[in-house]
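Quick mapping for you: the protein sequence lines, in order, are chains E and W.
First residue of the first sequence? That's 1 in the working numbering, and the numbers climb one at a time after it.
First residue of the second sequence? That's 1 in the working numbering, and the numbers climb one at a time after it.
Any given hint might turn out to be false.
Listed below are the simulated DSS-like cross-link pairs for lysine-lysine, each with C-alpha atoms no more than 27 Å apart in a straight line [to be verified]:
id : chain 1 : residue 1 : chain 2 : residue 2
1  : W       : K152      : E       : K163
2  : E       : K2        : E       : K455
3  : E       : K156      : E       : K290
4  : E       : K476      : W       : K325
5  : W       : K325      : W       : K152
6  : E       : K189      : E       : K163
7  : W       : K325      : E       : K189
8  : W       : K206      : W       : K325
9  : E       : K457      : E       : K476
10 : W       : K448      : W       : K404
11 : E       : K455      : E       : K392
12 : W       : K325      : E       : K163
13 : W       : K404      : W       : K414
14 : W       : K41       : E       : K290
Think of the hints as simulated: they come from the structure by calculation, not from any bench.
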Amino acid sequence: MKDLVPLIFEESVPGRRASDLHEGAASVTHAMELLGSSLCRDDIAGFPEVSEPQAVRHFLRLSQLNFGQAVNFYPLGSCTMKYNPLINDEAAALPGFASLHPHTPPELAQGALELMERLEDALAEITGMDAASLHPAAGAQGELAGLLIVREWQRKRGGQRSKVIIPDTSHGTNPASCTLAGFETIVAKTGPRGYLEVGEIRGLLDDQVAAMMVTNPNTMGIFEAEIREIAAALHERGALLYVDGANLNALLGVAKPGDMGADIVHLNLHKTFSTPHGGGGPGAGPIAVKRELEPFLPAPRIVRRDDRFDFDYDRPDSIGALRAFYGNFGMLVRAYTYVLALGGDGLEAVGKLAILNANYVRKRLATNFPAASDETPMHECVLTHDLERRVKVSTLDIAKRLLDFGMHPPTIYFPLVVHGALMVEPTETESRETIDRFVEVMEQIYREAIDDPEKLKTAPHTTPVGRVDEASAARKPILRWTPSK
Amino acid sequence: MRFVPHTDGDIATMLATIGVERLDDLIAHIPAELREQARIKLDRGRDEAAVAAAMSALAAKNQGAGFISFLGGSYYRHYIPAAVRAITARAEFATSYTPYQPEASQGTTQAIFEFQTLITQLTGLEVANASMYDGASAAAEAVLMARRVLPKRHVVALSRALWADYRSTIHTYLSAQPELELVEVPFDLATGATDLSTLQKLANDKLLCMVTGYPNAFGIIEPLGQFAALAHQAGGLAIAVTAEAISLGILKSPGELGADIAVGEGQSFGIAPQFGGPGVGFMAARMAQVRLMPGRLVGASHDSRGNRAFTLTLSTREQHIRREKATSNICTNHSLNALAATIYLTVMGRQGLRETAALNVELAHEAAATLAKARVLPRFTGPFFNEFVVTVPDAQRAIAEGSKRGVIPGIALKRDYPELSDSLLISVTELNQREEFPRLRDVLASAKGRD
Numbered sequence: 001m002k003d004l005v006p007l008i009f010e011e012s013v014p015g016r017r018a019s020d021l022h023e024g025a026a027s028v029t030h031a032m033e034l035l036g037s038s039l040c041r042d043d044i045a046g047f048p049e050v051s052e053p054q055a056v057r058h059f060l061r062l063s064q065l066n067f068g069q070a071v072n073f074y075p076l077g078s079c080t081m082k083y084n085p086l087i088n089d090e091a092a093a094l095p096g097f098a099s100l101h102p103h104t105p106p107e108l109a110q111g112a113l114e115l116m117e118r119l120e121d122a123l124a125e126i127t128g129m130d131a132a133s134l135h136p137a138a139g140a141q142g143e144l145a146g147l148l149i150v151r152e153w154q155r156k157r158g159g160q161r162s163k164v165i166i167p168d169t170s171h172g173t174n175p176a177s178c179t180l181a182g183f184e185t186i187v188a189k190t191g192p193r194g195y196l197e198v199g200e201i202r203g204l205l206d207d208q209v210a211a212m213m214v215t216n217p218n219t220m221g222i223f224e225a226e227i228r229e230i231a232a233a234l235h236e237r238g239a240l241l242y243v244d245g246a247n248l249n250a251l252l253g254v255a256k257p258g259d260m261g262a263d264i265v266h267l268n269l270h271k272t273f274s275t276p277h278g279g280g281g282p283g284a285g286p287i288a289v290k291r292e293l294e295p296f297l298p299a300p301r302i303v304r305r306d307d308r309f310d311f312d313y314d315r316p317d318s319i320g321a322l323r324a325f326y327g328n329f330g331m332l333v334r335a336y337t338y339v340l341a342l343g344g345d346g347l348e349a350v351g352k353l354a355i356l357n358a359n360y361v362r363k364r365l366a367t368n369f370p371a372a373s374d375e376t377p378m379h380e381c382v383l384t385h386d387l388e389r390r391v392k393v394s395t396l397d398i399a400k401r402l403l404d405f406g407m408h409p410p411t412i413y414f415p416l417v418v419h420g421a422l423m424v425e426p427t428e429t430e431s432r433e434t435i436d437r438f439v440e441v442m443e444q445i446y447r448e449a450i451d452d453p454e455k456l457k458t459a460p461h462t463t464p465v466g467r468v469d470e471a472s473a474a475r476k477p478i479l480r481w482t483p484s485k
Numbered sequence: 001m002r003f004v005p006h007t008d009g010d011i012a013t014m015l016a017t018i019g020v021e022r023l024d025d026l027i028a029h030i031p032a033e034l035r036e037q038a039r040i041k042l043d044r045g046r047d048e049a050a051v052a053a054a055m056s057a058l059a060a061k062n063q064g065a066g067f068i069s070f071l072g073g074s075y076y077r078h079y080i081p082a083a084v085r086a087i088t089a090r091a092e093f094a095t096s097y098t099p100y101q102p103e104a105s106q107g108t109t110q111a112i113f114e115f116q117t118l119i120t121q122l123t124g125l126e127v128a129n130a131s132m133y134d135g136a137s138a139a140a141e142a143v144l145m146a147r148r149v150l151p152k153r154h155v156v157a158l159s160r161a162l163w164a165d166y167r168s169t170i171h172t173y174l175s176a177q178p179e180l181e182l183v184e185v186p187f188d189l190a191t192g193a194t195d196l197s198t199l200q201k202l203a204n205d206k207l208l209c210m211v212t213g214y215p216n217a218f219g220i221i222e223p224l225g226q227f228a229a230l231a232h233q234a235g236g237l238a239i240a241v242t243a244e245a246i247s248l249g250i251l252k253s254p255g256e257l258g259a260d261i262a263v264g265e266g267q268s269f270g271i272a273p274q275f276g277g278p279g280v281g282f283m284a285a286r287m288a289q290v291r292l293m294p295g296r297l298v299g300a301s302h303d304s305r306g307n308r309a310f311t312l313t314l315s316t317r318e319q320h321i322r323r324e325k326a327t328s329n330i331c332t333n334h335s336l337n338a339l340a341a342t343i344y345l346t347v348m349g350r351q352g353l354r355e356t357a358a359l360n361v362e363l364a365h366e367a368a369a370t371l372a373k374a375r376v377l378p379r380f381t382g383p384f385f386n387e388f389v390v391t392v393p394d395a396q397r398a399i400a401e402g403s404k405r406g407v408i409p410g411i412a413l414k415r416d417y418p419e420l421s422d423s424l425l426i427s428v429t430e431l432n433q434r435e436e437f438p439r440l441r442d443v444l445a446s447a448k449g450r451d
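Chain W with its partners taken away, still in its complex shape:
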């Protein structure tokens, strides 16, 4: 077995040192019935070449990975600079543990400190943690954090224009907190934005927080400033959830618009889609509430020799110290992907991130215009970043039609939004070429043509 070094000689020497004869003597204290049933009935092991061939064969069965794609819906296709993969593959980063020993982990701790800084710069807030699992669980943790900030309030206004997975995750995380009341806020069927008048009705002294996408599940840039103002008038908190984090390169930051907690998915920052994970969740908030935040935090300090040094800090919020009174049960987070995001944002830089965001805006608007000329029209009127919804008579048929032509035209919204059964969500990023737009148009037009 190539991953273990033990020769028969090693085993004999070690057993002699221990003072037993056989390996089985070391487990003789385990009940015999358990040992007798412990056989693992799987195929025998294989050499590396055979394993590589088997994995390549499985990967080849995912034809969709090679199609022209307009898929988004909280996970996005973006170019990943070579530096990201090369550096995150470094074993010093990849095979280290959570940096509990700062003297042996300055690489990880400094990179996390830089990640925290970048997230505060993008979100316009004062403090960011070392990462969450993903955007959905970060949103759920944000609601739980809001409850710690305002323990006497209990109404959570949850936008229906938040991705279905995110809403389901929030429901699951809150399912054991019966005192919290989740109210789903509909979206405006014309603009695609969360309905302001419903939010106004909820803006009273019971309101704990409002949770809205920014941009939302239809790609619409929500009027976050208005929502935040409403939440604040009622004494509640505004939580902004961003799944397409590239948008923060050009949109006003959630903090500037008044969000108290900004969370989201950082997968767009240098992390491949990988069929949905792992990405990296982020969370930012105000410094006054830092002790109510979940997750790890790295702080700057100094060492015994007068060097600046970084270390995990404020751990008394966390499960390994506070146990049942911890702010969250999160332990392992998504550190290596936080590093990927840090490298990505460094490489993109102050100009590059804005330009990439701008290119996404322009391409998406060009694609929408190309479709409009073929009478495939936008479903909503609200402003959008790089994703938009179009009306097609049978979205499932459009997808089937696309499959024949090597194009995945978008996501049928019917499963998550029965009221949008005639709608397709189309995402356009810098990975889409302009030449692909007519092909997208033809796929949608052909599905439309055969009504």
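Chain E extracted, bound-state conformation:
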């Protein structure tokens, strides 16, 4: 078996090092005497031993094996892979932000507190809500925070309710968060036009329903046309509306969740607010609520007293903390930088241009990759194809073949309600030419599938590795390197 890049452990040679001994440093032996040797280990067996040039080359070679949004078209649906402005990273690296310790006395960290207060206000304005908390580390943690707020609010009103309604198109995090928050989930069926109908929701409502979680636009890329009626139906029965803001990008300048009747919204700053996805985080998942729910937000809260900012820990109704400290501040700096750069006018333009790009790609691919819904899509569209039926070429095969053209595939097989789905989200930062090129490639792949299906089934051909055997990885899990004997 060939190795593309050896593991760092395989490159190690005993005695090599990429860090020099600190000047004036203690010997390890002396430190062990100070602690008592019974508390100490003798070695870190297997740890890397390489020089600095070797270390740098190793990781740079690894970087070259990756696709990234800045390098490749990356139309991954529901992930909002928009351009991440480089000024964001430069701002976050300013020593006044990066080196600031979380236990710094507030009077010596006024800039950080001011930034967070301004970002909270901006997010509340953008979502049409009354108050925001920047505390949660990611969207899924924002969901948990929101659902625990639902729980506490219901409890305070004297009734513990046991169920949350989620649509059949929801992201997996929604039901998983419900379980963690102690709720049973009931599933609402999406209507024939690709959105929820209020009649379906009324039929599911009873006195045990605490809330409903709705992603709007939904994962079909369709606006939930009856959202206000759904909110009214929920409120009538004492239940809350939770809007999952995963797809907020479509709504900028178009509609605000608060006006739809949302009581709680979470946002993914690594989607709509351009912080990098990082190969799977770190992101940030602020939540915004209506006034009545503000007391339940995670503690502490940022408060302004005259011109001085401070933390308020005295929050008796708060759901508590979900992580250490006040949020993924480094990500908040980036998001705030983005908000400043775009301003209200720039943010308003985002939604419509994202919608334009999605409608354009949908229209241009309509012949061979027809949309799963006839409704006008928002920022993303879910496409289908007949290649499985015609030539036994799967959606996965199409996705792998796209890699050969230097394009990351769309999200595939999601939402679950569409067979063989391809969910395409170009985002507003992609040009017409890039989308045109994607369309050409998709059409070429369609023709190839008919003429030479093997080419797709054995794809990708030009990537650093060929198709990876995921099944055997799960059957016999090898999850770490161990020295060969």
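Use these hints to put chain W onto chain E, whose structure you have.
Showing chain W alone in chain E's frame:
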């Protein structure tokens, strides 16, 4: 707008292709009342120079970032090698998504595999996941995992000598699991370690797990081996929580001492403090329980051409497959910071990490000795790594006094521990110079002197 490419011509061409006249036609199906209220009332956008100036002005208001600092308390100041920032800034790493397409993500997947390996080597356990959000949420997830291992047990013995944020996070995560009973275990007022006799009383057939810091919130190196032995005698699990991960370079690993699950915060590994986040949580456990773990895992496999290749695996535990039956709701984790930690640990290496840990031990003990000479005495007798508690009559005043002199002397423990209202937590790392110790002494002595 500089981040979007659309010219008026592009928009016209695209609208014509779609078959509508105006951009607003694409959102005509949205209720008019919603559209009419959609204005975003914020200042207008700014050019890059103006944005940079505004951000610099805000950053300059954080004077504390430039002070001589002895702050720790679950987040630590350490030197970050240049390689860490340069490599994590690579767009191929920074702007990629979760590696669902392994053929386009071998950089990320291999780096995570290396991260998992490094964490198992440090913790002395068999399997580590691809990262958690932070140490606190990792600790909460560890308790939930313990419950999946031992579904019939319900008592969680939670050390009070665990950071307040961590305890609060565990309470929050467990607030919807009323069948679990959280019992706070006090600490020994003399040693600063978790009270063994209370743990002994809890060591019975109801015990699900014991959760202790290693080192704990006072910097004390807990007798983890004794706790683990007690937990195991009762048939429960031992969970070790490490916030100062540099300590694992010299301390016996949690696994060697018997911990069943080791979690913690990896921020010390090449990640700047950033006012508290993002860092990177880690979690390690035994292979027999891998299917009960939360979070992503990368495994080694091979490709169609016979190359070794890495891929996300055992996903049937996860929310995107298992939905309401998933082991956790975690989706996005802290991957880029796991990469930072991987680069950091590679650069430090087998010798360097031990030497850095040793230097932290030595400097902290020297600082403590300098203070002791001025009658600023340690609060606890237990062994400590790079952090210790001293008794000062008014810790808040010491901090105020320090602010005048450009020194942040430590953390007043009063808010989190009312019983330690006269105590200050001092952290010393390799970033502290020996010349700073007399300045720290003078700050504390001056606050003491004016009783």
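If you test the structure against every hint from before, which numbers come out violated? The structure breaks none of the hints.
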